[in-house]
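**Student:** The lines below spell out each chain.
There are 2 protein chains.
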Amino acid sequence: MKGTIILKGNIIDTPTKDQFRCVENGYLVAVDNEIKGVFQELPAEYAKEEVTDYGNLLIIPGMYDMHVHAPQFVYRGLGLDMQLMQWLETYAFPTESRFSDEEYARTYYRAFVQTLKKNGTARAVVFGTIHVPAAEILMDIMEEEKVGGFAGKINMDTLCPDFLREDSQQSVADTREWLERNVSKRTLVKPAVTPRFIPTCTSQVLEGLGKLVKEYQVPVHSHISEDIGEMDIVRGRYPEYAHDGAVYDHFGLLTDKTVMAHFVYPAEEELELIRDRGVTIAHCPQSNGNVAAGIPPIRKMLDMGIKVGLGSDIAGGYSPCLFRAMSEAVYLSKLKWLESGKEEDFLSVPEAFYLGTKGGGQFFGKVGSFEEGYELDALVLDDTSLSVSLDHFSLTERLERLIHVGDDRNITARYVAGEKA
Amino acid sequence: MKGTIILKGNIIDTPTKDQFRCVENGYLVAVDNEIKGVFQELPAEYAKEEVTDYGNLLIIPGMYDMHVHAPQFVYRGLGLDMQLMQWLETYAFPTESRFSDEEYARTYYRAFVQTLKKNGTARAVVFGTIHVPAAEILMDIMEEEKVGGFAGKINMDTLCPDFLREDSQQSVADTREWLERNVSKRTLVKPAVTPRFIPTCTSQVLEGLGKLVKEYQVPVHSHISEDIGEMDIVRGRYPEYAHDGAVYDHFGLLTDKTVMAHFVYPAEEELELIRDRGVTIAHCPQSNGNVAAGIPPIRKMLDMGIKVGLGSDIAGGYSPCLFRAMSEAVYLSKLKWLESGKEEDFLSVPEAFYLGTKGGGQFFGKVGSFEEGYELDALVLDDTSLSVSLDHFSLTERLERLIHVGDDRNITARYVAGEKA
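Residue numbers (the numbering used here), protein chains in the order written: chain H, 291 to 711; chain B, 291 to 711.
Hints are computed from structural coordinates only; laboratory data are not their basis.
One thing to keep in mind: the hints can contain errors.
Partial list, derived from the structure: chain B residues whose beta carbon lies under 10 Å from chain H [as the list claims (entries may be wrong)]:
(1) Gly327
(2) Tyr365
(3) Glu562
(4) Arg565
(5) Gly568
(6) Asn580
(7) Phe683
(8) Leu685
(9) Asp697
Every residue gets a Cβ at the ideal spot worked out from N, C-alpha and C, and that includes glycine.
Build the full structure now, drawing on both the sequences and the hints.
**Tutor:** This is the structure in structure tokens:
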């Protein structure tokens with residue numbers, strides 16, 4: 291976007307994951323969607339520019355949903371007292387098959403994307419269904435609604451119901467055609483190669499997708515080492531590989547543009563592989579409990595230097611709001627702390643905030659922080675409804691309370707890629 | 291309340307904990323605050339009475355918050371990445387001391403009670419502070435706002451900051467005077483004897499309170515076996531008693547009008563004691579994670595026939611909404627299922643709903659269900675905002691989604707003790 295945007299308010303971000311950076315009554319300046327900095331006093335060179343004054347409100351970076359299933363929005367909040375396979379068969383597969391109907395896709399994807407937007411998500415990495423037309427509808431709607439990121443036509447050609455099973459060759463051919471048509475088509479939304487997960491993809495498909503990733507230099511989005519049952523299937527099919535990571539790597543699917551959801555049960559050498567390949571892990575705390583997967587060792591990943599962001603994982607998770615994911619990341623890490631005999635420190639609020647902003651943001655480029663040279667993704671938050679009086683609270687306390695207690699009602703304005711949207 | 295109330299809509303409750311009872315487009319009839327039944331066709335005898343038609347909305351029983359700290363509402367959502375003692379010293383104790391100021395108490399207790407009300411809570415069991423005037427203000431406000439239940443001036447005379455420590459004799463004397471003045475003063479709100487927990491009460495206070503409970507036949511509200519550190523203190527002070535339950539029982543504090551929060555680490559014989567005394571356990575899943583206590587064996591308690599309800603435990607929990615407690619009870623039980631090697635079945639949605647309605651409701655008398663002879667506590671829920679279309683969903687699916695995804699915006703009307711309020 292061309293032009294200068296200056297926002298005035300209480301500006302908070304996390305350039306480093308350990309602590310909040312706060313500027314009370316400060317100025318956030320961006321020129322042509324490039325942040326110039328956060329200033330206590332407005333630099334003289336911008337003195338004649340228009341300032342949008344948000345008063346006592348909070349201004350934070352955009353939030354990023356690193357793993358979300360668009361079609362599952364239809365049945366979010368349902369069947370969460372089932373076990374995983376029963377849930378997939380009752381809700382996921384029948385619902386996904388409806389997206390062969392373009393009209394249905396248009397209606398539900400619009401509702402889905404508008405819900406992400408209302409909840410403050412700036413950009414997302416999104417699973418679609420196997421259907422190419424629906425995937426393109428999803429991408430168009432994301433672009434229109436200014437929810438940036440990546441979306442995927444998914445691949446599955448085994449271990450799934452007949453009505454959703456692709457022919458292996460066709461699956462790869464369709465993906466190629468879809469990439470060709472969409473890789474440069476939009477500004478904010480690009481395609482990501484999206485094998486559902488290893489159990490539902492034959493090696494023929496994984497190999498074909500690996501080649502496409504190399505050819506088109508596009509991101510990869512899938513699930514990794516989420517659940518013991520899933521991992522057992524993968525071990526059975528690929529006895530020569532010790533873990534999910536090794537299988538994905540064999541097929542060329544682990545790159546620094548790969549995001550993998552969950553990683554609840556990583557092997558030691560799998561952690562190193564993921565770090566060395568520069569893969570981003572999407573931590574989805576609400577889903578980890580809902581599908582009874584377990585608690586991933588997020589502290590360990592952070593200590594090792596693995597890139598981690600947060601995901602809603604709708605509909606394994608039911609809430610599209612990244613505040614919830616931040617809050618629940620802390621919550622779940624406290625149970626991990628107990629589980630580990632108080633060895634693995636739980637996450638702090640700044641760390642959870644970092645994961646939901648810059649931690650995920652790095653996957654899309656320079657977003658999720660107000661450092662110089664970053665794009666302008668921002669949210670303006672009004673927390674006056676949450677307290678009788680704000681007098682007693684510091685800026686970081688106000689933000690902390692918002693993370694735990696706030697919802698879409700507290701979002702006053704949203705900027706994506708230098709544009710109010 | 292005198293008069294006949296007839297509500298028409300989709301009526302759902304859980305007379306038994308295992309399944310929903312649904313009457314689509316049914317009639318809920320109450321005369322003088324006594325439910326006559328749920329009917330598919332309106333009985334002829336009520337043909338001339340006024341019917342409030344809620345159309346396609348859902349009508350459920352009231353929800354009951356079995357453990358909540360009113361003063362901690364001031365700082366809900368803060369310090370949840372601290373450890374328990376740091377959190378108490380930073381937030382709980384300094385905040386509670388402010389309630390010596392009656393004006394402060396009036397302002398914040400009003401906001402607290404209105405928040406419970408807005409979130410659909412019909413009745414609650416509420417911790418106050420040590421201050422008698424503030425406790426009476428709290429009770430008055432609850433009565434005015436039609437949030438029924440029990441509230442307590444709390445007792446603490448050891449292991450707490452000087453500025454909140456009571457003289458032991460005075461603590462009991464103040465409680466007696468407060469009981470005397472309040473035990474029959476209000477219709478909906480009564481006093482409960484509320485020792486903070488064993489560590490902060492000398493045996494002199496516990497003994498005195500036990501006598502008052504017997505004399506005034508009032509309920510007891512406290513915490514039990516929540517946390518290893520807390521339990522170690524109790525074991526050290528009372529080596530002759532094997533668990534918290536035995537200590538409370540020694541002082542006559544376990545009756546069928548006792549509610550105890552948490553019970554994360556019950557001993558086998560403590561479970562039996564709690565069941566045999568008819569004590570109700572307040573399960574607070576959000577708090578159990580936030581304060582890193584652990585996961586209580588709720589399935590085991592239910593299997594043993596222990597009475598269990600749900601609590602928000604503000605501000606160990608940050609959400610006052612019992613829907614959240616239901617949702618998180620299922621979530622946490624799934625992690626317990628994993629922790630137990632898949633031995634302890636996780637909770638179903640009807641079970642979690644039962645806990646939040648009839649499970650807690652039994653503590654207040656006959657409320658929390660639409661069975662004949664029960665009082666009329668009810669909520670009317672509008673879920674149209676949660677779906678593009680409700681066509682595909684059964685009534686129980688609609689309720690399930692509301693539990694996970696809904697909030698105060700979905701509450702259209704609230705009835706307490708036969709009155710719209």
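**Student:** Look at each hint and say if it fits the structure.
**Tutor:** Now the hints, each set against the structure:
The criterion of a C-beta within 10 Å of any C-beta in chain H is not met by B/Gly327, whose closest approach is roughly 29 Å, and the hint is violated. The restraint placing B/Tyr365 at the interface with chain H holds, with a minimum CB-CB distance near 8 Å, inside the 10 Å limit. Taken as an interface hint, B/Glu562 does not check out: its beta carbon lies about 26 Å from the nearest beta carbon of chain H, beyond 10 Å. Violation of the interface hint for B/Arg565 is found here, the shortest Cβ-Cβ separation to chain H being roughly 25 Å, above the 10 Å cut-off.
Interface restraint check: B/Gly568 against chain H, minimum CB-CB distance 28 Å, threshold 10 Å, status violated. The restraint placing B/Asn580 at the interface with chain H holds, with a minimum CB-CB distance near 6 Å, inside the 10 Å limit. The beta carbon of B/Phe683 comes within 8 Å of a beta carbon in chain H, closer than 10 Å, and the hint placing it at the interface holds. For B/Leu685, the shortest C-beta to C-beta distance to chain H is roughly 13 Å, which exceeds 10 Å, and the interface hint is violated.
With its C-beta approaching chain H no nearer than about 7 Å, B/Asp697 sits inside the 10 Å limit, and its interface hint holds.
Checked against the numbered hints given earlier, the structure breaks hints 1, 3, 4, 5 and 8 and satisfies all the rest.
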